[in-house]
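We have chain A; now place chain G onto it with these hints.
Each chain, written out:
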Amino acid sequence: MRVDFFTWNELFQEIPERIIKKYKYYKRKEEWARYLSPPQTFAIYGMRHLMSLKFDSSLECLRLWGFVFNETERLFRAKQINKKIIAVMGDLGGIPPIIYSFNSLIGFYPDCLWWQPFFSENYNLFEVTGRANFPETSCYSRVVYATFLKKAYFPKPDLIVASTGASCDDYSCVMQNISNLFYKDKKTEFIWLEIPPRKEKRESAIKLLKENYRKLAKILSEVANEKLTIEKLISGIKRVNLIRRNYQKLKDLVGKSEIAPLGALEMLLLEFGNLHFYSDIFEWQKILLGILNLVRKRVKNNEGVLNKENKKIVWATPPADPLYLIYFEDKGTRIVGSEYIINQVLQIIPINKTDPFTALAESYLSASLIGKTKERADLIINEIKKYQAKGVVISQVFGASHCAYETEILKEEIEEKAKVPVLIIDIPLPASEIPLQTQTRINAFIENL
Amino acid sequence: MEILTPRERFNLLVFDETPDRVLIFPLITNHSAYVSNYSIKDYYTKGEILAQAQINAYEIYQTDFLSVFSEVGIIAEALGSYFEYPQEDLPKLKKPLFSNLQEYWERKLNSQYDEGKGRLYLYFDAIKILYKTLGDILPILAYIPAPFTTLALLFEPTEILKEVSFSNLEKKKILKEVLLLITDFTIQFMKSVINYGALPIVVDPLASGSVISPETYKNFALPYEERLINYLHRYDLDVILHICGNTQVYLKELKKSTADLLSLDRINLFSAKKFLGNKFRLIGNFDTTEILLLSPEEIRKKVKNLVLKMKNNKKGYILATGCEVPFSTPKENLITFIEEGKR
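Those sequence lines, one after another, are chains A and G. Be aware that the first sequence starts at 1, since it is given in UniProt numbering, and climbs by one per residue. Be aware that the second sequence starts at 1, since it is given in UniProt numbering, and climbs by one per residue.
Same shape as in the complex, but just chain A (with noise of 0.2 Å):
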């Protein structure tokens, strides 16, 4: 069932105390370490967007919430007993399986602070990159130069790892203010790791990728000052492998289902949980098993969250703000399937016993940014077919250059090859509605699947 903010405050009451307790981070004991909150909780420290979404009413989601809105404390706590953060920007997906094959590394991405501003409806990240010259014409991101400059959102990180390349060209300009912040810091060290633009020349791409990561690996070593072998190595990429290929069952069992199993807002968070597993991968895993159960039962008894006649759509490029993911499932579709800029984390990475850094690297050329936007098309056919969708939403960001360049390429490609529906919405600053107009367009796009 989807409930609202309210009902989900009446459903917690019914929570006993030992389950409350009993889900903590990071296999730690102590009170902090808990997480399972209703939104309530994240609503009154400033979440206020929360106020206006709907929420999966099982208590597999709620851990999910809880979760995922607990990371800024997970970070800090992470710091404080003594962990190494390691902030990853702009690769999306393509390190931390590296990261992870360490036991006293945390990776992270800045990068998904772009959302705080929307959860928030909250300007003063804007306002505050504004400050240092930011335009107002750049991308949502550009919001992670400002939790940079603010140290409340994670720690001070031990090592900064920035990729460039095929990657958001405002991105890769926050990045480099970001540092420009760290260039006379000798405690942290800053590195840049290129991403080839192109998988023509495939040699030569997995030859660059191979190399970055391996020097990554050795710059990763000293930090944690533990020796990475090529088992410990296997080991992690087996363990990001299983929650890989728990996501793509998931994704399958809901996007194939008769009624829908699960909310599009859930799905965004679990796919998005592919990319550093919100920090803390071991419970990361049991909360992806959970809900893959939960949706397992689901289908098997043709529940679902919404009605059975909602039609299928795919979105592609992740929505900055959740509210419209809400507002097409309230007035008559599903989201059955994604493309959201991260392909390269919903790859199996194949072991390679002899060389795991080709296959990390192998398994990066799929990333969406990598190639032709001809070539991201296709996966967003493909996912029209794998699903049967009968429309494809495209929410543009403000700024962000790849937005600009390819919107319409896409476009084209998907009514001439898919023979759907495309709509094309930009998603505007934070807000607690959405705009009249945009509203009209969708409701009209939904009437005419």
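Simulated from the structure, these hints should not be mistaken for lab results. None of the hints are false.
No more than 25 Å apart at the CA atoms, straight line, and that leaves these computed lysine to aspartate or glutamate pairs for DMTMM-like: (1) G/K95 - G/E115; (2) A/K83 - G/D16; (3) A/K79 - G/E17; (4) A/K27 - G/D16; (5) G/K128 - A/E433; (6) A/K151 - G/D136; (7) A/K150 - G/D136; (8) G/K256 - A/E17; (9) A/K29 - G/D260; (10) G/K315 - A/E73; (11) G/K279 - A/E30; (12) G/K314 - G/D287; (13) A/K29 - G/E226; (14) A/K29 - G/D236; (15) A/K238 - A/E226; (16) G/K132 - A/E127; (17) G/K311 - A/E73; (18) G/K132 - A/D4; (19) G/K255 - G/E215; (20) G/K314 - A/E73; (21) A/K151 - G/D236; (22) G/K274 - A/E31.
A few chain A residues that don't get close to chain G, going by computed Cβ distances all over 10 Å: (23) R198; (24) K215; (25) N307; (26) E416; (27) Q439.
Cβ atoms here follow ideal geometry from the backbone N, Cα and C, with glycine treated the same way.
Just chain G, lined up with the frame of chain A:
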């Protein structure tokens, strides 16, 4: 312009991190009506006025918290005590629901919770506006009278204070029964407050050491404060407990509290820090008479000294007044207090 918002600053504190500066929380309640030129009666009967007064006070003082509070009788009134509303003063207990325990025994207490009872709407209306207006950058604290304080206002206060001290076991049992009913009602009230986006802060002014003995605190106040705190901890909220007056006499009992932040009033905060500082984030405790009467320069010196001695408290420290800022405190005094605190 400061780099952190008050919310970010407060989050760092509760994550056991050191914020950019000491957080500042003068308990600005009806003083906000004073600086807004609103009548006190409007302030405690109209949620939109209370909210606007708090917004005005924030614009003047730039503190780190907003306060939603009228007076400690709000739950007693919702449960049936009768309060009169003077134009230029806080609500006054005109007729408590029960004169004595015998009357309670005969009539019982209707503790069925309903958001429409009494003036509970005042909180909800105010919180909704504040949350929408400033809730993205400021924590909103809703002051919740603890059960002992409400108990004292459901009966004739002097009667009940005698009863808790001198009555026999049978009567004490009845008192505890009433306290449990009040606790359940208060928990429902907190649940509503949470739904609207405010962080409940438990206040127990009539459980002050200036009013009751350590034994009475242990038996009639602390266990019910704890029930409220436990409820809030289910949500993993950081719980503030505020007790007015002198709590020096029962510091040992107070240490048993499971609150996360302790707001203390008339007490030697430096010695409290030694005794409580490893367990609690401490809040306090600039003398409220002094904030009203001292000159800005004297206030500056005292704040400087207070912050200097308290800011290294192991679990953290919030600079605050010991209790509510007096209604007609001169603006310059409070501005000085805050300026010096931010230094």
